[in-house]
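Peer 1: Here is how the chains run, residue by residue.
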Amino acid sequence: MTCAWQAKLDRYVDSELSGSELTQMEAHLRGCPACAADALSRLQLKRVTQAAARRFSATPAFRLKIENSIGQANASRWKWRWTPAFAAAAALVLVLISAGVWLQRARGEQALGELADLHVATLASANPVDVVSTDRHTVKPWFQGKLPFSFILPELQNSPFKLIGGRVAYFQQNPGAQLLFEFGKHRISVFIFQNRAELGRLDSVSALRSKLSFNSETWVQGGLRYFIVGDANAADVHRLGELLKSAARS
Amino acid sequence: MPLFASLYNFAHWLTQNREEAEDLVQETYLKALKGFGSFQPGTNLRAWMYRILRNAFLTSRTGLSVKMTEPLDPGADAPPLPATSDTPESMLLARMDRQAVADALERLPVHFREVILLCDLEEMSYQEIAETLAIPIGTVMSRLSRARKSMREMLAAKGQGASS
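Chains S and Z are the protein sequences, given in the same order.
Quick note on my numbering: the first sequence kicks off at 29 and runs consecutively.
Quick note on my numbering: the second sequence kicks off at 190 and runs consecutively.
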């Protein structure tokens, strides 16, 4: 006796029947003792085969050998596989760092350029300073109430630098003092602002720079950021800087 | 180590020899590592590993001799054989023991043995078996049906021999 359903018994035993086929098969098995017995016998054979076939196991020595060879192969594969990735990542980091440095330098240059513009605009004005005095005791108090900070203005009587006066300057939306000094025929501006994080990047610009023949110098002291911009030579600009620094230190 | 125990067992069943099985497993892992780039994530790792092992077996000395002596795909397109529920061997299955089944499995031609092992022992789906053996699903079903029939016949013969 053969039944059409018998052709599907292997698939039933192997759980390969789809939802509707499975339902139909189960319904058939309830009504067909021959198929039910056949299904049971196939299922038994499958189970006994499964148990009987799990027979061979590798020796621990062989397992260790394979583990070691995989470990070695993996290590070298990993090494070679990731070398290009590391190289690419390193190159990217280098590019990013150089880009960052370049950007900082560019921004620093831009900041110094803005200050040079302020200096030039001041000199071009008919009234370059708002407080006209060579006396530091007149100039410094003039800034009271105009700036949210105070600064030390040294006595420069015995130096070649002569104070002309001062005015309030704005740099990157922040108020600061602009002091104008005379050195021979040269005019030099000293800008003093409260130091801010974004001004920190100016440190990456070398302290003394020349741009469009202006010499400039910048430093931070006592929470204030100083800039000197002028067309005097670099050594003289630096000298003025040193005088201001030593005054602020004392 | 993924699949090590089952791959070794499968290799031993194919080669029937410990040393050859070890060589086969070693070759399989090395090939798998070497060719891991060709493995497509999301596809079946197990089928992929078994396929590597089986291909390595087919090119091994034992595998080549098997190919020479056994038709690789006999009756591939033949329909599944009719079931044999009314024959005495099915009744004998209740009495069969593991050793008898193991002996029958051992005597099966390799192309039958491997499909039985993948289906019954590894519990692979027909689709996975088709991927592993690189054959159509229809061939998996017909080969499985023939392999089981062959096993049942061997077990029945043994049972009759034992009872006579």
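None of these hints come from the bench; they were simulated from the model.
Every value quoted in this text rests on a predicted model; they were computed, and no experiment measured them.
Ideal Cβ placement from N, Cα and C applies to all residues, glycine included.
Some clues are possibly wrong.
Listing some non-contacts, in silico: residues in chain Z with all C-beta distances to chain S over 10 angstroms [claimed, not checked]:
| # | residue |
| --- | --- |
| 1 | Asn233 |
| 2 | Tyr315 |
| 3 | Pro325 |
Derived list of chain S stretches under chain Z, where covered just means 3 residues or more per stretch with a C-beta under 8 angstroms from a C-beta of chain Z [said to hold, decoys possible]:
| # | region |
| --- | --- |
| 4 | 92-98 |
| 5 | 159-168 |
| 6 | 252-265 |
Peer 1: Please list, smallest to largest, the hint numbers that this structure does not respect.
Peer 2: Failing hints, ascending: 2, 5 and 6.
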